[in-house]
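**Student:** Since chain X is already given, all that's left is putting chains A, C and S on it; use the hints.
Chain by chain, the residues run as shown.
Number of protein chains: 4
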Amino acid sequence: MAKKQFRVGMVGYGFMGRAHTNAYKQVGQFFPSDYEVVLQAVSARDAGKVKAFADQWGYANTETDWRKLVERKDIDAIDICTPNNLHAEIALAAAANGKAILCEKPLAMDAAEGLKMVEAVEKAKVPNMVWYNYRRIPAVTLAKRLIDEGRLGKVFHYRAKFLQDWTIKSDLPQGGAGLWRLDLAAAGAGVSGDLLAHCIDTALWFNGRLDTVCAMTETFVKERMHTQTGKVEKVGIDDACTFFGRFENGSLANFESTRYARGHKALYTLEINGEDMSLFWDLHDLHRLQIFDYKDEGKIRGWKSVHVTDNSPDHPYMDKWWVPGLAVGYDTSFTHQVADFLEGLSTGKPASPTFRDALETQYVLDAVLDSAKKQQWVTVGKA
Amino acid sequence: MAKKQFRVGMVGYGFMGRAHTNAYKQVGQFFPSDYEVVLQAVSARDAGKVKAFADQWGYANTETDWRKLVERKDIDAIDICTPNNLHAEIALAAAANGKAILCEKPLAMDAAEGLKMVEAVEKAKVPNMVWYNYRRIPAVTLAKRLIDEGRLGKVFHYRAKFLQDWTIKSDLPQGGAGLWRLDLAAAGAGVSGDLLAHCIDTALWFNGRLDTVCAMTETFVKERMHTQTGKVEKVGIDDACTFFGRFENGSLANFESTRYARGHKALYTLEINGEDMSLFWDLHDLHRLQIFDYKDEGKIRGWKSVHVTDNSPDHPYMDKWWVPGLAVGYDTSFTHQVADFLEGLSTGKPASPTFRDALETQYVLDAVLDSAKKQQWVTVGKA
Amino acid sequence: MAKKQFRVGMVGYGFMGRAHTNAYKQVGQFFPSDYEVVLQAVSARDAGKVKAFADQWGYANTETDWRKLVERKDIDAIDICTPNNLHAEIALAAAANGKAILCEKPLAMDAAEGLKMVEAVEKAKVPNMVWYNYRRIPAVTLAKRLIDEGRLGKVFHYRAKFLQDWTIKSDLPQGGAGLWRLDLAAAGAGVSGDLLAHCIDTALWFNGRLDTVCAMTETFVKERMHTQTGKVEKVGIDDACTFFGRFENGSLANFESTRYARGHKALYTLEINGEDMSLFWDLHDLHRLQIFDYKDEGKIRGWKSVHVTDNSPDHPYMDKWWVPGLAVGYDTSFTHQVADFLEGLSTGKPASPTFRDALETQYVLDAVLDSAKKQQWVTVGKA
Amino acid sequence: MAKKQFRVGMVGYGFMGRAHTNAYKQVGQFFPSDYEVVLQAVSARDAGKVKAFADQWGYANTETDWRKLVERKDIDAIDICTPNNLHAEIALAAAANGKAILCEKPLAMDAAEGLKMVEAVEKAKVPNMVWYNYRRIPAVTLAKRLIDEGRLGKVFHYRAKFLQDWTIKSDLPQGGAGLWRLDLAAAGAGVSGDLLAHCIDTALWFNGRLDTVCAMTETFVKERMHTQTGKVEKVGIDDACTFFGRFENGSLANFESTRYARGHKALYTLEINGEDMSLFWDLHDLHRLQIFDYKDEGKIRGWKSVHVTDNSPDHPYMDKWWVPGLAVGYDTSFTHQVADFLEGLSTGKPASPTFRDALETQYVLDAVLDSAKKQQWVTVGKA
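Protein chains in written order, with our numbering: chain X, 1 to 383; chain A, 1 to 383; chain C, 1 to 383; chain S, 1 to 383.
Same shape as in the complex, but just chain X (with noise of 0.2 Å):
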């Protein structure tokens, strides 16, 4: 039986861009479903590296203007990899269009912004998902799996940091190619946007929603140069965010992240303390999932190390792959979003997280950076 087209138009093709590009190159092969993935477009205002992009790539073709992208009958779905300030405004194009909407994290600027994508995609009934893709590493959602069997009890605890080190360097500059992520007008914030939404995603889909906020922002390097003006600007993003809180479960939140803790490259970890299990993860071990088990006799009780690899149904997604103890990295956390996107469109049970769910993390970030402004705590706000 002939498989049903998805014809992908990318906006965008840094970092993103290839990690997606990659994925939808994968998932024919290893998760087969209803349909095979199309590279057909590109888009960006670069002619000459677009269309370089393009052929090293695969993508049929190019567009230098996202609109047309947008508007062209040939393409089924959009994916979103611009900066995020630009997030909204395609969005509210593609959906205007009738595409399916894939796009990069965070969702929006802010929830108010994301509100607006949420309506305009479920006015215009599309396919709709954001790439929060950590979500996907097999250990991940084998823990996802085991609360979701219950096996945690009355969860106590929750906490998440993702630390990196990558801009201690005062003469880094603002914006420019992967230095976008610094400048406030592209970024919109910055570690909570940046690395604290991957944190609050996971934590919500892990433990429920999260009631209320007290944070604390810092911004070490007050000035840097900025790309696009040539001069030395001060620096409207945070350096550093920290927050604590409560979810509605009666569960306490820990959360922080930072780009100046030197020694850590990408180091998201989460930790969840139930009354019958813990579990906890790290992205620089991201194949493993380390689990305690008060159910586990006493004297042989402590913290196991599982090896997510087995290829069988045991361990999400991995019975694709290889055989026993082979790790898969971390570009396949894309490849098996897509195809969960995939076969969300064949069974219409949307996969996660869509804009909707997306806009949760939405309210959290701006209740945190409102906290954080106003040194109080902050209730989380909802749709």
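Hints were generated in silico from the structure; no laboratory data involved. Mixed in with the good hints there might be a few duds.
It does not matter which identical chain is meant; a pair holds if it fits inside one copy or across any two.
[What the hints assert, rightly or not] Straight line, CA to CA, 25 Å or less: simulated DSS-like cross-link-like pairs of lysine-lysine:
1. Lys49 to Lys25
2. Lys169 to Lys320
3. Lys265 to Lys154
4. Lys73 to Lys25
5. Lys234 to Lys382
**Tutor:** Relative to the frame of chain X, chains A, C and S by itself:
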């Protein structure tokens, strides 16, 4: 040359009484000094039990009233191992009698009480020290040396956690042997005074004054049987306490403690991130110090796990123990502390933390509890 | 400039067939070169299954007889992914037809057969390589660089293990899909040829010639159902194989492999101890290299865990992937190997290991099995 | 009730003398028994040094001739802490004088000598024990319990290593304080007798008789200054020793020891792989036992890191120490051994390993050295 006698009178004989006594007995062999420690007397209310303890542990005789103990002429130093609510009263009496004082942590029920104790010992000019023993774990002392050598550069972050799981059971009573830590009247606070006190003490030692804090506390089990009244009563202590804040040196604090983190027995971890070096330590593997040295060559840069067991001056205290690779235990931190205290007597440079040093921790604890109660930022007081 | 085509014809489509194909598909995006890899054809006996594989993985067409495949004019390279007993026959035919050859490891059933293959490819002057893919794990390649830079000083010890546990069940048959590795006729040997071959390949690459060996083998499950005869038959392979020996450079070898080490899935570990530096690597955490640098200052000397994920030239291959901290998987070792092979075609400097390089491993394997049989030391042969 | 006195006379006061003495002083507090240990006398040739040691460590008096010590009426037990070449002579004399004997490991210079010692203590019917103290590390004792409970099922593999790096420097002399271990005449052997002896003792205790072995030894530094002759002399000891073999229960052995493994201080590791459970232990993290339990549910199966610090009967010896999470050190293994020895005196069931138990290790060592010399397999002898 004959050694001077250092005749100890100890009040209390619980967990800490045993730990201190082991140290008193060991110190002369491993850290010979000008002093010979003499276990002169131990005091506790139950005459039979204290006699049994004295016999087993080698105290010459006993008292059933600590007031008599502190007045005895044949005693040079009073070691206070009682629940927290008795520290001040005993210390004031001991100071009035001209005794050196070694007091269990935390120094006092609060800063006001602690300040009185400081004033008393300083007025009486008696040697004084608080048993913040983790300073004397060799790996922790090594960390302090590296910090003092200026290797870290500008510090950005300091984080510490102390996680336990022993009070999850709701049928655990408050009060009674070993359980006075759950009784507000005896303990003064919950995990903040018991666990965070250690974390704060090390932090102030490593990273200087903490200026402002913002805290959250929680009591998960609201009522417990009280062993003194025999009735189910409200639990007054904090079961969990999280706070963040700002150090005087511009770095950010993130602290957390709880007795509801399933899977962790006594997981005191600390990490300090400097521009040039980061350090991490973990009580569960207390003989190791993790060091990330940014000055290492790029391609072989990584976290080093230093096994702090070299019997050379390189590794603090370890030249007095065994051979490289053979770890000492938790208990030796007390032995080291006595050794340093006695050396302080000889040199006239008091071993830290003195009562005055430990008072700083009380101000932080007061601010933390005040912040949690008011749900707002609080400035840490000072003497 | 148009790229040259590199048209691959693959024989077999099992675990390795999938791994190689993924690499062929990925290489052009991540490691662009003068060549475009074209998946021209795949061959296997079952017409329906091979057609399904070709459709899913993107091969243009299929063959059911590998003899036809090797004779096709539209194919530049033959990739041999069959059980070991077919390697030689296919390779000889491919060489005779002037094809480049990429052969799965081990090269051959024994050194005599391997020597014929070497002679054939050298006579035919066709590019050739054996898929000892672990050389291309970035952490392993980094280790090789450190060794080549002379950082280790005099080497004293080299040890490697490859531990698995998947054949403990005695009701597992020998022969059949995925189980030909238990069938002596198809595999030629057990863990020695399957697992130790990897360990030996890396060892010779890192540490030079192995002169003499002394080995012990064991077959724990003596009889298993054979899927071809349907009868319970004697098991001819080695279930476990341990050997020690002496390298030409004076260092000592200790190697072990087994499929009966409960708890280990694919635990290939290696360690090399030099006077100035030691290195350790572990396939279960393949993205890390452990380094002990004796030249580090004494008090902060320890094993460093290097997360080999910097996207800089510091860390081999990683500049082509993501950002620091984000690990790639097992699969990328094949992508790297194809990239190196294609670069070798361009530069005329063949990528290692060539058939001749891989022949050395066969001589060691022959000596190991001979030693185990004779229960005495054996000198390793050479071509 | 008054305790019986157990009056110790110790020969030698080096590293082991200190370790034993610390244990004698601690045992009464932590493991009260029917006996009170009395440090009666210590013997060594240098009158001044032995006096200083006695004063510092609390021995009542001294001897400069061990022959006098063993004849003293006021002594119940002789503790032999000398270099290996004096063990037999002292033990025979002590037995002849009816003393209990606690002898440092290895028991003897070889099995023949060891057999005489066994016969002497058995004829004299004196309590006897060899200080293979690693049996009393709580994590090791826990492993033994799990094995004795039959949890492992059929055992396939036992491997152990003891890696050090302290003799790499070629200018280290042989002989002299702390360096008699490099002198064949004093030590009898190199790493085999010093390090492998520990590994073999544990292995026989855990896994039963070892039937056959095949070994390789190496002396990397061929000549060293001898402190007694003042000349550079040939080094007679083994610097490294590796062997494999077969246990009576059908499992395979792989053992290695060296003092040339840069980066390892005292890395004694052991692993036993059973059909149903595997265990791993590492002296560098002596408070942890790693357990893989195949009976765990598949999806959460992994290696558990058990922190053997519960103060409950679950964790051997730990109910006598502190609270959960607080590790004890290397030194406590001696305290536990004295406790068990004294309990053996009370119950009449001698604590292991007795001289006879330890003789088995001598037979294995003899076979190992014989095999290395002859370069062939050797059958382990028996009494």
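**Student:** What hint numbers does the structure not satisfy?
**Tutor:** Structure breaks hint 5 only.
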